[in-house]
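Residue numbers (this note's numbering), protein chains in the order written: chain G, 1165 to 1787; chain A, 13 to 89.
Source of the hints: derived by calculation from the structure; they are not laboratory data.
The beta carbon of each residue, even a glycine, is placed where N, CA and C say it ideally should be.
Be aware that a few hints might be false.
[To be verified] Stretch-level coverage of chain G by chain A, calculated; a stretch enters the list once three of its residues show a Cβ under 8 Å from a Cβ in chain A:
(1) 1167–1180
(2) 1208–1221
(3) 1390–1398
[Unchecked claim] Far from chain A by the CB rule (all over 12 Å, computed), these chain G residues:
(4) A1483
(5) L1525
(6) P1685
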Amino acid sequence: MSGDDRRALFRRLKTLRAAGQTDAALAALQDALRRGALGPGGVDKAGRWLARALPEVHTGPLRVLLLGQLTTTWLVNALIAEGWSRGLALRVGDGDYDSVLQEAIALADREPVEVVVLLPWTQRLLGGAGGPGRSGAERVEDELAYWAQVWGQLARRSGLRVIQVGYDWVGPGPLGAGLSGREGPVRWIRALNQGLLDALPEGFAFLDLAQVAGEVGRSRFYAPRRYHWTRQPFSELGVVALARHLSAALQAALTGPAKVLVLDLDNTLWGGVVGEEGPLGVALGDSAEGEAYRAFQGFCKALSARGVLLAVSSKNNRADAEEPFRVNPDMVLSLDDFAAFEADWSPKAAAIERIAATLNLGLDSVVFFDDNPAEREQVRQALPMVQVVEVPGDPAEYVRALEAGLYFESVGVTEADRRRADQYRTEAKRRTLQSAATSLDDYYASLAMRGCVRPIDEGGLSRALQLIGKTNQFNLTTRRHPRERVVGLMADPAALALTCRVWDRFGDHGVVSVILGAPCPGEPAPTLRLDTWLMSCRVIARTVEHFVFEAVLREASRLGYQRLIGEYLPTQKNSQVADLYDRLGFEALDPGGPDGEGARRWVLRVDGAVAPPHFVSADDPQN
Amino acid sequence: MASLEALNEVFCDVFEDDDITITRDTVAADVPGWDSVMNVTLMLELEDAFAVQFNASEVSGLKDVGALLDLLARKAG
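All chains should be built: construct the whole structure from the sequences, respecting the hints.
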């Protein structure tokens, strides 16, 4: 549409509205928007016009509030316009630049809204927020923590719908396209989007900005000068594309996606006219043209598998129309795939009305796909609530044209989605409970762990000292012994000084555990006191401690000990092993302080003691 | 080439008021609705109408319609 045509359109709208025919004007503008005829500037202007005209006709427009880490002012009109092209009457407002949390807190003081759209931007993530020492991963966490706070505010308001938009990048940054995705901004942003999705409260919707930008192409979706000028990065084209996706997300959130796709047959599902070429003569699969039709059929079939109903509206003799589905071996779709099949010579609008009635669906949930522009025009005029796809001339473009309309977008916040999610969750929970015991064992077994417990020797001493010096969590006594003490135990034939090395199918973990045991001379029966037992956190919770304990029992028995004394000295970090000796079958000697504080001791008779099951097979890499 | 008449037409279009008559001395305060937000819209529409592209500093330095006309003439030249 040229500038003059656009001016003529808006002049006509003005005349109609002045004459009290706002309804007709709104319909005319909706038609122009659906054809995508206005261009970015025209969409903005349409939004401004709609902001005034819609309230005259629609008493209860849906109220939407945009809150962004970027300026949202230029999205307001585009969203109103794109919403109207889908039949949504929206009233859109926006908050101040980069004040999302403040606005969310102050939401109660505003005019009520039904939907809040949250739009992030990357100025803090990529701008070195939190000081130069803050790593990318830490800044990702900062952003996630910020949105969690915002969500907490919004989740308190019952009935409020929330659409969280994702993060995106304008360009790869100084690392370039190759490295940025591996260790730079693109990687952080991907992690951030995944983090948002994972943490999103139930019922909130997510719009993947990176998908939207990728579809348009970032070089066209973003305009750097717009960011410096207005603190929002999108080009005019980008604003409209984002608004289009937002309106589809809104529609999906409110009324659900479109439910039925009505398809023509000749030159839509196959090339040529079946009444002339015959059921085997139509183009389907045996040429580039035929492949394109087959691909489109495959896409429709996949939509059907997703729950979209398919229907046929064809001007054909019914027998002719059905014949290719029965006899043509290249057909992807079968007659069973269609919920309704209208083949006669009546106008298509009438056929679509019959289809909607048969399926008990509203006409606004119908999408119509027909290669013939005259048929599309007839349906548009007779049934303006039906969404008519602008079908391109080349069948190779059919799939893209259907995708671009965003008719079947689903954002996961409808009641049905929620119920389905509940079902999944219940089912998942049941399965987890059922299989928890075996699945963990399966996991351990799948690791194919092997281990080797040996006396500490000269070569292993420095690694043992390193572990003694730094291990905090799995460390029963946290005694930071000096080198001489460890060397002394190594030299004492009655003492125990062992390390354990572990490797599995993913690789060698090296020496991960140290055990020091010292004889207790004053005891009535030969007794070994486990002075030190620690394990690196990389093998915690994999039954390695049972494997180590098995070796300790074996060694203690070999050295003639009858009793083992276990000790636990609590620290800030080692509570995970507070009950280790209980779990290994030791008997408590002294229970420690009133709240389980203070040092505790246990005893175990070596004779007859058995280590709990483990999944480490003994091996010695030096043999 | 941007004449005052052509510019006037864009103003009428953007501000949706056929009665606007601008002169070289017109400033933002003279046109109802010409705020900072609409100024961006106006500049984008002017770029479209006259097939030029402004940079941010050129846009922020304009004091009246006369300066805008001169800028458009410079860009077109």
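Tell me the numbers of any earlier hints that the structure contravenes, in ascending order. none
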